[in-house]
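> Can you make the complete structure from the sequences, with help from the hints?
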Amino acid sequence: MFKAFLIKYAEIAIKGKNRYIFEDALVDQIRHVLKEVDGEFRVVKERGRIYVYAESEFDYDETVEALKRVFGIFGICPTVVLKDQGYEALSKEVVSYVKNMYGDREMTFKMDVRRVKKSYPMTSMEMNAELGGDILDACPNMKVDVHEPDVLIHVELRDKIYLYSEVIPGPGGMPVGTNGKAMLLLSGGIDSPVAGYMIAKRGVKIDAVYFHAPPYTSERAKQKVVDLAKLVAKYSGPIHLHVVNFTDIQLYIYEKCPHEELTIIMRRYMMKIAEAFAKQDGCLGLITGESIGQVASQTMHSLAATNEVCTMPVFRPVIGFDKQEIVDVALKINTYETSILPFEDCCTIFVAKHPVTKPNLKVIKRSEENLQEKIDEMMAEAIETAETIVCE
Numbered sequence: 001m002f003k004a005f006l007i008k009y010a011e012i013a014i015k016g017k018n019r020y021i022f023e024d025a026l027v028d029q030i031r032h033v034l035k036e037v038d039g040e041f042r043v044v045k046e047r048g049r050i051y052v053y054a055e056s057e058f059d060y061d062e063t064v065e066a067l068k069r070v071f072g073i074f075g076i077c078p079t080v081v082l083k084d085q086g087y088e089a090l091s092k093e094v095v096s097y098v099k100n101m102y103g104d105r106e107m108t109f110k111m112d113v114r115r116v117k118k119s120y121p122m123t124s125m126e127m128n129a130e131l132g133g134d135i136l137d138a139c140p141n142m143k144v145d146v147h148e149p150d151v152l153i154h155v156e157l158r159d160k161i162y163l164y165s166e167v168i169p170g171p172g173g174m175p176v177g178t179n180g181k182a183m184l185l186l187s188g189g190i191d192s193p194v195a196g197y198m199i200a201k202r203g204v205k206i207d208a209v210y211f212h213a214p215p216y217t218s219e220r221a222k223q224k225v226v227d228l229a230k231l232v233a234k235y236s237g238p239i240h241l242h243v244v245n246f247t248d249i250q251l252y253i254y255e256k257c258p259h260e261e262l263t264i265i266m267r268r269y270m271m272k273i274a275e276a277f278a279k280q281d282g283c284l285g286l287i288t289g290e291s292i293g294q295v296a297s298q299t300m301h302s303l304a305a306t307n308e309v310c311t312m313p314v315f316r317p318v319i320g321f322d323k324q325e326i327v328d329v330a331l332k333i334n335t336y337e338t339s340i341l342p343f344e345d346c347c348t349i350f351v352a353k354h355p356v357t358k359p360n361l362k363v364i365k366r367s368e369e370n371l372q373e374k375i376d377e378m379m380a381e382a383i384e385t386a387e388t389i390v391c392e
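Number 392 marks the last residue of the sequence shown (the working numbering); no jumps.
Keep in mind that a hint or two might mislead.
Under the rule of at most 27 Å between Cα atoms (straight-line distance), these lysine-lysine pairs were calculated in the DSS-like manner [said to hold, decoys possible]:
id, residue 1, residue 2
1, 272, 365
2, 230, 205
3, 8, 83
4, 279, 68
5, 83, 117
6, 181, 8
7, 279, 181
8, 3, 118
9, 92, 143
10, 205, 8
11, 205, 15
12, 3, 160
13, 35, 230
14, 323, 230
15, 15, 68
Label pairs and their in silico Cβ distance ranges [what the hints assert, rightly or not]:
id, residue 1, residue 2, range
16, 168, 104, 15 to 25 Å
17, 56, 334, 21 to 31 Å
18, 337, 47, 42 to 52 Å
19, 56, 292, 43 to 53 Å
20, 172, 215, 38 to 48 Å
21, 168, 310, 35 to 45 Å
22, 38, 1, 14 to 24 Å
23, 38, 323, 30 to 40 Å
24, 172, 108, 23 to 33 Å
25, 96, 13, 30 to 40 Å
26, 374, 31, 42 to 52 Å
If you're looking for bench data, these hints aren't it; they were derived computationally from the structure. Cβ atoms here follow ideal geometry from the backbone N, Cα and C, with glycine treated the same way.
The following block contains the structure:
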């Protein structure tokens, strides 16, 4: 029955003279995700509307699932597209549509006719009344309720006639790529994939850095992070994942610095390396999955000590979330089951038994002086030898 989808957007509509930029980005993203779906599609803008037309046989459920991952979409409306063959033909189509969609269920409805094509001989009000009456005559199970109907039946009279009543929720947000680019510090945990998803939802293109510590962390741990990047990429578009061998740096810090400061100092060098990749990739900021007080490295004192090494802004979208709120988002975007697989990353392998929770920045910097002999050279090598994997 459905050969097209009307795509509704929310925030884009208030963008004024720049709206076309956001609409074009949304169209591009829709085309990108539909490449994965069996079938041929045409995506077009028509007078403030975006339509997806199926040009061949297609998998309806697969298409809807793909569209539900496109940031910027507020609603997906499966639509029947009709030629204008006069009122009688339209009335038959509307009645047939209602019977097919709702059968014999007892329901209330309201007509919503929009006459964009002003040359049509009937007004919107007249068609609301006439079509509503035809439905009542043909479907005794349907009743009119203009205030709180169970279903709103939309008819849009344009060059063609568009008929729809279902609005499938989209993810909202802004089209990816309309708000710059940022670098995600991606681990194998629950929080960082959620953070990447949330920033991408605001229109930010993301790449990622993962710190690998072989042989202390396994290839399975690395593959777990690659899998997480691919899951986030279903929403954000392709992610360039930089896999950094961090083992030598961690062992050097472990050897030269007080163990209670290990986590903070290690984190500071991670941020430095991530920022180097961010500058290399044209990013405007860093993204982390830190939440205040969740672990020792995420107290206010620790976050301040970590931030001090960065010249770029650091975005922490889950900063005020408790763990369950983060888990809820992870479940929604299908990263949770992968995140809880039992393959440890470098942060958990080298954690101190009693990490400092209120680090003093002067003390931390004094401890880092012990690393001066080799640390710059080791960082340069880690950056130069990093593996880049395109995740999509």
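> Checking each numbered hint in turn, tell me which of them this model violates, lowest number first.
Those not satisfied come down to hint 4.
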